[in-house]
Structure formats: structure tokens, C-alpha cells
Amino acid sequence: MNATRTTAAPGRREVVATASTSLEARRRALKARRLRRGWAALGLVVPAAFFYVVFVLRPLALTVQYSLYDWNGVGASTFVGVDNYTRLVEQPELLGSTVNALELIIYFSFVPVILGLLTAATIRKFAASRLALAARTVLFLPQVIPLVAAGIMWTWLLATDGLVNELMRMLGLGSVTRAWLGDTSTALGAVGVIGAWVALGLCLLLLLSGMTKIDPALYEAARIDGAGAVREFFAITLPSVRQEIGVCVTVTVIAALAAFDIVYISTQGGPANSTLVPGLEIYYLGFFSREVGQASALAVVFMVLVLAVVLPIQRLTKEED
Amino acid sequence: MIVSRRERWLGHALLILLMAVTVVPFVSLFVTALHQPGTYPSGLAWPETPYWSNFVDAFQAADMWALLWSSFLIELGVVPAALLIATLAGFSLGHLRPPGHRWIFLGFVLGLTLPFQAIIVPLYYQMRDLQLLNTRWAIILPLLGLYMPFAVMWMRAHFVTMPPDLSEAARIDGANTWNLFTRVHVPLSRPALSSLGILMFLWTWNQFLLAVVLVDDPKNRTMAGALGAFQGQWGTDIPLLCAGSLLILTPTLIVFLAFQRQFVSALMQGALKG
Numbered sequence: 001m002n003a004t005r006t007t008a009a010p011g012r013r014e015v016v017a018t019a020s021t022s023l024e025a026r027r028r029a030l031k032a033r034r035l036r037r038g039w040a041a042l043g044l045v046v047p048a049a050f051f052y053v054v055f056v057l058r059p060l061a062l063t064v065q066y067s068l069y070d071w072n073g074v075g076a077s078t079f080v081g082v083d084n085y086t087r088l089v090e091q092p093e094l095l096g097s098t099v100n101a102l103e104l105i106i107y108f109s110f111v112p113v114i115l116g117l118l119t120a121a122t123i124r125k126f127a128a129s130r131l132a133l134a135a136r137t138v139l140f141l142p143q144v145i146p147l148v149a150a151g152i153m154w155t156w157l158l159a160t161d162g163l164v165n166e167l168m169r170m171l172g173l174g175s176v177t178r179a180w181l182g183d184t185s186t187a188l189g190a191v192g193v194i195g196a197w198v199a200l201g202l203c204l205l206l207l208l209s210g211m212t213k214i215d216p217a218l219y220e221a222a223r224i225d226g227a228g229a230v231r232e233f234f235a236i237t238l239p240s241v242r243q244e245i246g247v248c249v250t251v252t253v254i255a256a257l258a259a260f261d262i263v264y265i266s267t268q269g270g271p272a273n274s275t276l277v278p279g280l281e282i283y284y285l286g287f288f289s290r291e292v293g294q295a296s297a298l299a300v301v302f303m304v305l306v307l308a309v310v311l312p313i314q315r316l317t318k319e320e321d
Numbered sequence: 001m002i003v004s005r006r007e008r009w010l011g012h013a014l015l016i017l018l019m020a021v022t023v024v025p026f027v028s029l030f031v032t033a034l035h036q037p038g039t040y041p042s043g044l045a046w047p048e049t050p051y052w053s054n055f056v057d058a059f060q061a062a063d064m065w066a067l068l069w070s071s072f073l074i075e076l077g078v079v080p081a082a083l084l085i086a087t088l089a090g091f092s093l094g095h096l097r098p099p100g101h102r103w104i105f106l107g108f109v110l111g112l113t114l115p116f117q118a119i120i121v122p123l124y125y126q127m128r129d130l131q132l133l134n135t136r137w138a139i140i141l142p143l144l145g146l147y148m149p150f151a152v153m154w155m156r157a158h159f160v161t162m163p164p165d166l167s168e169a170a171r172i173d174g175a176n177t178w179n180l181f182t183r184v185h186v187p188l189s190r191p192a193l194s195s196l197g198i199l200m201f202l203w204t205w206n207q208f209l210l211a212v213v214l215v216d217d218p219k220n221r222t223m224a225g226a227l228g229a230f231q232g233q234w235g236t237d238i239p240l241l242c243a244g245s246l247l248i249l250t251p252t253l254i255v256f257l258a259f260q261r262q263f264v265s266a267l268m269q270g271a272l273k274g
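Residue numbers (UniProt numbering), protein chains in the order written: chain A, 1 to 321; chain B, 1 to 274.
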């Protein structure tokens, strides 16, 4: 542009020249300021990035590094390649902890989500009633207290003379009573009940808030077309709360796979490893058996497992956005 | 909306049932806490003579003032600092958008599903090398890092919705980036900040794994971590254990009831964003 202007009006060369330099200077100043602002803006990220890198990313990289070594945490370490990983596959106890974690998904995730869906669909129509508002407060209580407290509470409820067995005796089911957390056939399910108790309130209220956003006209139209409650649920309610279902499933699946507090308090992984989960096994291997390499290999597999389960759920629910 | 009688009845019954299932464990804990120490009470039976003194005994046995003070100090170390640094990062990545902001944000998002157990082993050795084991810093510093994926995402989501015109107007009035941040954007972020603050308060109070692994002394732990030690110590004395558990979970209930509305919406939004 400047070039054409200078050749077209040679007489005003000087004027144009100064104009162009000042324009150039201004542009350069603007660029410099933008650059300075860019650097200043990046500077604002530094504190957050510092803590994240030092206390999350660095340990994450170290986990991968440790997983290739045999180390007891004190003496010298020896490089063993993928030995720790092959031992994971060979030891049934370690593999079993992963299977347990997957089974916990049924209790921690599927049960609260399905029960939450059915309940929310039933009470959707009077979600603004006083009872529903009271439920908002009460059903959130398990979300607020420490999981440790939930564990202690339920350990007592599920004990031989605890409330659950007392109620069963009252109902004439005395023959099925047992120490629910101490029996290899029921322990994992009993731990699952605790997780379901914690998650139900959040799922129910999230799904309910999703359902209250649905246009009532849709339901009226469906009724006119002769749809029953079941058709209504599958044709309108369920598709409309897809995103909320995705959120509930994601949050609760992560809670199931990463279960630690509840298991640690209620069973310590027993009896006979029937409730052992990877989170707890990493803790035992790393801090009791002092097999740092083995613990780290399990941690890497554990992370991959979480991603492998959670990412597809995310993709499924984000599709329509 | 017209609701048939049967539907209304069924819905009410379901809600009442779920509320009962939620509340009965608390009631059972409370009733058990009133029994004679050292006994093995059964079910929901109300004790002949309620031992209210169990609460006093548990309070003293657990050295509850020290536990409360410790949790308070940890909260004080974590929540304000985490809010500040996450807000700075969220403001930068969501509003100023410097070159590379997408990649930096992606880096933070990577940590979103990371379970704490995955990095607890190296974290232990890192804390040992920093000579911070068994101090509250061993909980505070890692939590600041571990909260960043969620906190930065939360604050960025807030700043993305702030119109750029707002900042341009302030710039024309001569504000530099810092003025823009403190005078314009922080005051506008109060709702997002308070929700995030409530969530982080709750997560810190209830943090168990870091407390158990990195801090041996229950008096330097979070409340949940201290409760774990309490169970190990009093596991055989059921009434006292129940009394102690109630004492430790009561503060969370009080905070919850006081900030109920913010709490529920923060938890719901937190779930939606996470």
C-alpha cells in the first residue's frame, strides 16, 4: 500500500514517508504491547501451573519411571523393564482387585443412576412441592459428610447385631442374617451398598433438575397421542436428560474405580481379598510391602483403566453438544 | 400440571422412603452413641439410661480442639490460595487468551480424572525429600496442585462468558491488566468464587488418603484423616466410636445447613462441570 502511494505521488514522498514510519512505529508499539500483555497473561498462569506441575505432573512421571524399577524405597533400585507389569498379570490377587473395582461400578453407579431415574421420573411433576424441597436437603447429607464417617456408620449398621440384621429378624428373615462385611460372598456387595447410599442423593437431584427443564407441552402432546407413563419415560424423559445421566455415570464410575476411603474403613480389602480394590492395593504395596515398583506399575494400569472407562462415557454424552 | 392421585401418592411414598434410608443410619449412629461405653448395643434400641457423657469423653479422648484447629489451619492454607491462583489462571486462559492458551488448558484438563492414589507413592518420596512428611504442608501443597485441574476449568468457564467489551472499556479508561483483574473481574466473579470455595472447603475437610499416608500424627491431619485414626484407636468400643464419629461429622453438617442453598447448587454445578 505504501509503495503504490509513494510511486503515485512522488511529490509527497516525504510526507508519506513520515506518515508511514509513524504508522509503522505505532503498529510496532501496538505489537509490542500485545506481546507484553501476552507475556503478562501467561504470567498469571504460572502459580497454578507451578503447583500442578510440581505436585501432580512430576509425581505422575515418577510413577511411570518407578514402575520400571525394583525398589524398596530405601536402598538402591534396579531397572527391571516391564517385569512389574508381567507380574501384575501373573498374580491373581492383583488382577482380582481390578475385577472388584469393575464390579463396584454396578453398585456405586448403575444402582444410584437407575434408582435415581425412576424416582426422579415419578416425582418430576411435583418437584417444586415442599416435600421435594425437604428431600433436597436430606438426600444431600451423605454427599457432605466424610466418606470415612459413612464407612464407620455402615460398618456398624451391617454388623452381626447391627440395624440391618435386626430389621431382617423382625421381618422373619433371621436365617439370612450374617456379618455382611465379614462374609466373602457378601462383603463386596455390602461395600457397594455404602457407595450407593452416598451417590443416590446427588444422582436423584441432578436428574430431577434436568427433568424440570423439559417443556411440559411435550408431555401433553404425548398424552394426546395416547402415550402411557412408560412410553413417556422412554420417548421424552430419558432422551432429555441424556447429559445429566452422562454426568451421573461419569462421577459415580470414577468414584467406584477410585474407591478407597470406604473400603479402607469397612473391610481393609478383606475378607480374603474379596473387597480388595486397586486404590487400596497400591497403598499396601507402596507403604507396607515396600514394593514401590510394583505399586507404581499397578498405579499406571489403574490410570489407564480409569481413562479407558471414563473417556467413552464422556464422548457418548458430549455428542449432541 | 395435573397429577393423578395415584402418581402423587407413589411419588411421595418413594421420596419418604429414600429420606428414611438416608436418615436412619445417622439416627442409628446417634442412638448407639448413647449406650454404655464398652457394650455392644443392638439395632435401634433406645438405652435405658442415655450416656450423654460419651460425647464429652470422645471429645476429650480425641483431643477434638486440636483436631479442629488442625483442620482449620489446613483449610486456611488450601482454600484462599487455591482460589487465588485458580482465578488468576482462569482469567488468563478464559479472558485474556494469550498465545498457547488452548494447549495450557488442555494440560490442566488432563488431570481431571486422575485418582489421588495414582500418584500417592511418588508424592510420599517427594514430601520426604522436602522434609515435609508429618507436617500440614504435606497435605496443603499437594492439594493445591490436585485441585488445579478442576479449579482452573471452573474459573475459566466463568471468564469465558465475560464480554470482551467490558475489558476494552476499562482499558480505554486507562486500566492495566492488574487493575482490570482486581477492579472489574474479581468483583464480578463472586458467585463462581463462592461456589468453588465451598466445594474445596468440603473436599479438604473430607480428604483422607493424603492425610493417612503423608501425616502420621492425627493432630496434624484433616478431620477425615483424624477420624480414621480414631477408628483404629476406638474400633472396639462401639458407643464411643459412634460418639466420636458424630462429633467429627457435625461441623460438615453445620456448614452444610448454614450454606445449604450455595452448597447444593455448587455440588450440582460441580458435578456438571466435572
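No lab work stands behind these hints: they were computed from the structure.
Glycine included, C-beta positions come from ideal geometry on N, C-alpha and C.
Careful: at least some of the hints might be erroneous.
[Said to hold, decoys possible] 25 Å max Cα-Cα, derived SDA-like pairs, lysine to any residue:
hint: 1; chain 1: A; residue 1: 31; chain 2: B; residue 2: 104
hint: 2; chain 1: A; residue 1: 213; chain 2: B; residue 2: 104
hint: 3; chain 1: A; residue 1: 213; chain 2: A; residue 2: 316
[Said to hold, decoys possible] So the derived list for chain B, only partly shown, Cβ under 8 Å to chain A, looks like this:
hint: 4; residue: 85
hint: 5; residue: 102
hint: 6; residue: 121
hint: 7; residue: 146
hint: 8; residue: 177
hint: 9; residue: 197
hint: 10; residue: 198
hint: 11; residue: 202
hint: 12; residue: 209
hint: 13; residue: 245
hint: 14; residue: 253
hint: 15; residue: 254
hint: 16; residue: 268
[What the hints assert, rightly or not] Listed next, the stretches of chain B that the computed footprint assigns to chain A, with coverage defined by at least 3 CB atoms under 8 Å from CB atoms of chain A:
hint: 17; stretch: 46-52
hint: 18; stretch: 164-173
Hints and how they fare:
With a C-alpha separation of about 22 Å, the suggested pair residue 31 of chain A and residue 104 of chain B falls inside the 25 Å cut-off, and the hint holds. With a C-alpha separation of about 34 Å, the suggested pairing of residue 213 of chain A with residue 104 of chain B is violated against the 25 Å cut-off. Of the supplied pair hints, the one linking residue 213 of chain A and residue 316 of chain A holds, its CA atoms being roughly 21 Å apart against a limit of 25 Å. Because the beta carbon of residue 85 of chain B sits about 4 Å from the nearest beta carbon in chain A, less than 8 Å, this interface hint is met.
The beta carbon of residue 102 of chain B comes no nearer than 12 Å to any beta carbon in chain A, farther than 8 Å, and the hint placing it at the interface is violated. For residue 121 of chain B, the interface hint holds, since its Cβ comes within 8 Å of a Cβ in chain A; the closest pair sits about 4 Å apart. The interface hint given for residue 146 of chain B holds, since its Cβ lies 6 Å from the closest Cβ of chain A, which is under the 8 Å cut-off. Hint status for residue 177 of chain B: holds, given a least beta-carbon distance of 5 Å to chain A, under 8 Å.
Because the closest C-beta pair between residue 197 of chain B and chain A is about 15 Å apart, greater than 8 Å, the hint is violated. With a least beta-carbon distance of about 10 Å to chain A, the hint placing residue 198 of chain B at the interface is violated under the 8 Å criterion. Taking 8 Å as the C-beta contact cut-off toward chain A, the hint placing residue 202 of chain B at the interface holds, the least distance being around 7 Å. Because the smallest distance between the Cβ of residue 209 of chain B and any Cβ of chain A comes to about 6 Å, under 8 Å, the interface hint for this residue holds.
The interface hint given for residue 245 of chain B is met, as the beta carbon of that residue sits about 5 Å from the closest beta carbon of chain A, less than 8 Å. Here the hint on residue 253 of chain B is kept, as its CB sits about 7 Å from the closest CB of chain A, short of 8 Å. Hint status for residue 254 of chain B: violated, given a least beta-carbon distance of 10 Å to chain A, over 8 Å. Annotation: residue 268 of chain B was flagged as interfacial toward chain A, and the flag holds, the nearest CB pair being 6 Å apart, inside 8 Å.
Remark: the stretch 46-52 of chain B is not confirmed as covered by chain A, as 0 of its residues place a Cβ nearer than 8 Å to a Cβ of that chain, below the required three. Under a criterion of three residues with beta carbons nearer than 8 Å to beta carbons of chain A, the stated coverage of the stretch 164-173 of chain B fails, only 0 such residues being counted.
This entry does not satisfy hints 2, 5, 9, 10, 15, 17, 18, going by the numbered hints stated previously.
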